[in-house]
Amino acid sequence: MNTTKINEYAAVVGQPIIDDLKLLSKRLKGKVIQNINSTAVGGGVAEILSRMVPLLRELNIDTHWDVIKGGRQFFDVTKKFHNALHGRPEEINQRDLDIFLEISQNNIEEMDIYGDIVFVHDPQPIVLVKKKKENKWIWRCHIDVSSPNQMIWEFLEDFIFNYDAAVFSSPAFSPKLPIRQFLISPSIDPLSDKNRELPQETIDGVLRKYEIYKSKPIITQISRFDRLKDPLGVIEVYKQVKRYRDCQLLLAGGGASDDPEGKKVLEEVKDKAKHDPDIHILLLPQNDIEINALQRASTVIIQKSIKEGFGLTVTEALWKAKPVVASNVGGIPLQITHKYSGLLCNSIEGAGFAIKQLLNSPEYAKKLGENGREHVRNNFLLTRHLKDYMLLFLSLYHREDVVYL
Amino acid sequence: MSELLEAKEPFRFCTRLNLTELTGLRASTLSQLLALIKEVPGACIYHHTHRFLQQHQYISPEPPNDFAYWVTSILGEGGLGERLMSIDTIQFPTIHSLREKIAKTIEDYLRDNALANLKFSAEGEEFHFLKSVSFVLPTNYVACNLKEFTDILEKITIDSIYFHIFEARLRIGKGDNDFSNWIECSIGNKKLADAISRLDPYTYTLEDLRKTVIEIVKKDIHI
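In order, the protein sequence lines correspond to chains L and P.
Taking this note's numbering, the leading residue of the first sequence gets 478, the next gets one more, and so forth.
Taking this note's numbering, the leading residue of the second sequence gets 23, the next gets one more, and so forth.
Hint data in this document are derived by calculation from the structure and do not stem from the laboratory.
A virtual CB, placed ideally from N, CA and C, is assigned to each residue, including glycine.
Please note: incorrect hints may appear among the correct ones.
As the list claims (entries may be wrong) - To give an idea of the chain P side of the interface with chain L (calculated C-beta under 10 Å), a few residues:
1) F151
2) K153
3) L159
4) I180
5) L221
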């Protein structure tokens, strides 16, 4: 859990922003917020909650975080849901739906619902809304649902319609719904181990540890080993660049406890990378300082996702003023304006070309990185996210377009 | 000196915090865009003509309204994009009149360029209609004279400046910005009030707007 105090963020965003957060938090006095998701560690949702919950508490908002129980079978099914919602072909049968509903029913029976506002994250706990009474319920979708498998979407709609509001990370994910829906981008914490400034010795130490050389450009993708992050495609991109520029590829990431597919993908990646000593594959579960150091040591950061809810690794890279080449999918174009704060691509060839451009034009790459950092400062830091969540909670009690508090 | 004059009524600074609501409505062609511009809530028109002011506080490559950006960058209709971009928002006293001007600009263009309506955006590049929900809160900052006013202006958030300059005039429908209203009615300095009213705030970043208003007031009261 985050131990950083709210006032410490004033050094990054300015004191007036912190004053506004304090003003706003007073309007939520007496409300109990209950967050519910499916994993306490690993993945973007758990990471955000571990930063947000302590800060909301420090702002005197009575905020809690509970985790549902799942098990291998349940998470195998929800991983299929996850892929299907991203539009990937998945065979989901009645047995899968039965497992999902049965485990969900166990959670309904076991989980204590006590929040004035129950804030449910992603599809895994979605069925809990059956316990709705007089309190308010929000469903927060962190997934790219711009072209979901219709069968699964319709299955989930039966539950979504019972919420008071839904939240998506990009306008492209917004379907027509009979409930209110809001656009809230995720965020990064500039003071966390993953994003804070690091001494050069720390960065150099991490490079030595993993035998990565500063003498050759380092192209990096930080991501879970997940097909939707296309790590095999990244190796193809690297090979295209390598033909013209001697460079290294770094594929690094942890795993989430609700992602059983990760091991298999990691094996495929290792297999494809074998015989090339310049490809470094690192499994770094929850080692935030090392991830931070690797991002800072990189020459170019790539995020070649096929689908992406938002792409917090892109936000992290931009915050470190790194030039980024990333797929034009999901929430990534909200973060990168092409040729201004990074380069967007739609293919392996496009990504390879963009990386070559950046390696050959370091001044241009530097400018893109600097613009990206300012865009993140203004729009994607934790303080903006805290503000949005407090406004979201307040919106449940106000229907107007202009609300006087 | 007018900075020493106590205001009849003190000026309490408010701040405005924005939450973006999704509508699920999207357009792929100019005709669809036009039809939706005519029917969406005013809060949508407000959002797409003002979002850039707060999200791009530094020099930004984006045209100053979302309609112009989409028409130019996605549909490739630069001629229409330029006309939409140069709509002089400050001249419109209400969202309703601004909406009519945007709709008429597109209608006129379509009449003269029928082929433009055959263009579709690629999948994933549709225009998504969003809505601004504003939360207005009084801050602890109160000015009783122009010296206090400039001191507070230097440290208040840009959200507060945004609220008193943009939102008060167009969205709340006060006809002029709050600063000018207060300076004229409570300080009695119409010349200074007019000088601030004459600014076209849409052509400044919010930080530049802050500096400009402070400079105008300081020059007037000789500090």
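Hints, one by one, checked against the model:
1. F151: holds (8 Å)
2. K153: The hint holds - K153 (chain P) has a Cβ within 10 Å of chain L, the shortest such distance being about 7 Å.
3. L159: holds (5 Å)
4. I180: holds (8 Å)
5. L221: violated (22 Å)
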